[in-house]
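Residue numbers (the working numbering), protein chains in the order written: chain A, 1 to 282; chain B, 1 to 165.
Ranges of calculated distance between the beta carbons of each label pair, as one might list FRET restraints:
hint, chain 1, residue 1, chain 2, residue 2, range
1, A, 236, B, 100, 54 to 60 Å
2, A, 236, B, 139, 57 to 63 Å
3, A, 253, B, 74, 32 to 38 Å
4, A, 132, B, 74, 32 to 38 Å
5, B, 100, A, 274, 55 to 61 Å
6, A, 78, B, 63, 40 to 46 Å
7, B, 29, A, 74, 32 to 38 Å
8, B, 28, A, 274, 42 to 48 Å
Capping the alpha-carbon separation at 20 Å, the derived lysine to aspartate or glutamate pairs in DMTMM-like fashion look like this:
hint, chain 1, residue 1, chain 2, residue 2
9, A, 131, A, 70
10, A, 131, A, 78
11, A, 182, A, 226
12, B, 45, B, 64
13, A, 82, A, 52
14, A, 131, A, 164
15, B, 45, A, 36
16, B, 45, A, 249
17, A, 82, A, 45
18, A, 182, B, 32
19, B, 45, A, 209
20, B, 45, A, 246
21, A, 182, A, 209
22, A, 82, A, 39
23, A, 41, A, 52
24, A, 131, A, 85
25, B, 45, A, 212
26, A, 182, B, 31
27, B, 45, A, 248
28, B, 45, A, 105
29, B, 45, A, 17
30, B, 45, A, 210
31, A, 41, A, 85
Some chain B residues well away from chain A (every beta-carbon gap over 10 Å; in silico):
hint, residue
32, 100
33, 120
34, 127
35, 131
36, 134
37, 136
38, 154
Treat the hints as calculated values from the structure; they're not laboratory data. Beta carbons are placed, not taken as given, at the ideal position from N, Cα and C, and that holds for glycine.
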Amino acid sequence: MTTATRDFGLGIGWRAEIAPLIDCHAGLGFVEIVAESVDPKHPGDALLRLMDRGVAIIPHGISLSLGGAEYPDPARLERLAKLAERFRSPFVSEHVAFVRAEGVEAGHLLPVPRDRETLDILVENVGVAQKSLPVPIALENITALFEWPSPAMTEGAFLRELLDRTRALLLLDVANVFAAAKNFGHDPLAFFRSLPLDRLAYVHVGGGEEHDGVYHDTHAHAVPAEVFALVEDLCAMTHVPGLMLERDDQFPEPEDIERELATLAAAVAAGNARRNGVPHVR
Amino acid sequence: MSADARRDLATRQGELVRALVAGGPLPSGFDDLRTSTTSGALLRKRMRGVERTWPGLARGLGADYRVYFAAFAQAHPMSGEGLYRLDGRRFTEWLLARGEEPSDAGRLELFLERLSGRFAFAAMGFPGWGETRFGVRLPHIGIVQIRIPLYLGPNRLRGVRLEST
Numbered sequence: 001m002t003t004a005t006r007d008f009g010l011g012i013g014w015r016a017e018i019a020p021l022i023d024c025h026a027g028l029g030f031v032e033i034v035a036e037s038v039d040p041k042h043p044g045d046a047l048l049r050l051m052d053r054g055v056a057i058i059p060h061g062i063s064l065s066l067g068g069a070e071y072p073d074p075a076r077l078e079r080l081a082k083l084a085e086r087f088r089s090p091f092v093s094e095h096v097a098f099v100r101a102e103g104v105e106a107g108h109l110l111p112v113p114r115d116r117e118t119l120d121i122l123v124e125n126v127g128v129a130q131k132s133l134p135v136p137i138a139l140e141n142i143t144a145l146f147e148w149p150s151p152a153m154t155e156g157a158f159l160r161e162l163l164d165r166t167r168a169l170l171l172l173d174v175a176n177v178f179a180a181a182k183n184f185g186h187d188p189l190a191f192f193r194s195l196p197l198d199r200l201a202y203v204h205v206g207g208g209e210e211h212d213g214v215y216h217d218t219h220a221h222a223v224p225a226e227v228f229a230l231v232e233d234l235c236a237m238t239h240v241p242g243l244m245l246e247r248d249d250q251f252p253e254p255e256d257i258e259r260e261l262a263t264l265a266a267a268v269a270a271g272n273a274r275r276n277g278v279p280h281v282r
Numbered sequence: 001m002s003a004d005a006r007r008d009l010a011t012r013q014g015e016l017v018r019a020l021v022a023g024g025p026l027p028s029g030f031d032d033l034r035t036s037t038t039s040g041a042l043l044r045k046r047m048r049g050v051e052r053t054w055p056g057l058a059r060g061l062g063a064d065y066r067v068y069f070a071a072f073a074q075a076h077p078m079s080g081e082g083l084y085r086l087d088g089r090r091f092t093e094w095l096l097a098r099g100e101e102p103s104d105a106g107r108l109e110l111f112l113e114r115l116s117g118r119f120a121f122a123a124m125g126f127p128g129w130g131e132t133r134f135g136v137r138l139p140h141i142g143i144v145q146i147r148i149p150l151y152l153g154p155n156r157l158r159g160v161r162l163e164s165t
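Model the full structure from these sequences, guided by the hints.
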């Protein structure tokens, strides 16, 4: 199977709170920056140093609202474009989600109704974004605690058609797949198989916690063992060009982050060995 | 793509968002429990975002922060740019308008936020610290502050509240 992009290895979501750790970590192939929090004109020394070191920097938007009823905002698109140019990024990424409607901000990514009308609007919005971006865009699956009533398509079919029609890349969040499996009983491996994995750009891995029987994808807690197991299964299924850890709050000790990165690397190695038919001792 | 389809989606998404963050009625067909769990998660995320952006304000309110913020949030859903900065500013001004006194650390955050505009001027009294600050933001120079060791309340400062933001 051919892959959509070159290999990036392991990465992490760049946050000011863990900038020293990232700065000192020689093994990282890429970092992802939140587009809304980095000024393309004044990106800061820490990120420029990483760029000089050859670490790929991927701008990740969280407020474009591609799944919203409005056309994507030109100012937000311009910021993404400027960041991609500043950092010579291989691509940028955003979500299959909406974050605002009729002037009210939700403050988080919300799922779109999975029907034909919404899919057509999403395809059109992604097309508008692609026209103003200097690099390809990767689209990410989100997680939610609820679903829109009577969806016309499965999430896998919806994503596949969106990616087929826009030729966008895939950013696969494995923790979100785990959350959907936990909260809705979806089959994670069937979901992986339903996706166009040949368009996979990179993978997100984040932590969460369970509250009253509901799994919350918080990015503020440890990554559950089941998520690492899904990473291994995914790597056994296909070549994954890059995988990164997402931590946004309640930052643990640097050793804990190092340990999660090492666990992630081990899961990738185990999955790759399974795919290549090599016996692998963990 | 027809404009009708976009209008229809805007209406459906608008109803849902208002139900989730502004106490609006839940559109039919949605799971009551799952959407109210989502509302709680959205409120906690917003509360935490403002707390991280306005730490002095939140610390000064202690346990009351959550109570006040929850009351503020439902009546004032987020809108516009710079979400948590602006949200914290509106929250602090809401507290002041209700006669609740933010801590001096919270006042300082509001004072600096009011000075974040390009040609901003602000004045703020700090009762606990027993001082008053006047600040102006000048192009190419940044914020210039004058402190006087005397607390002036809002009534005394009314004439100098000229901030342009």
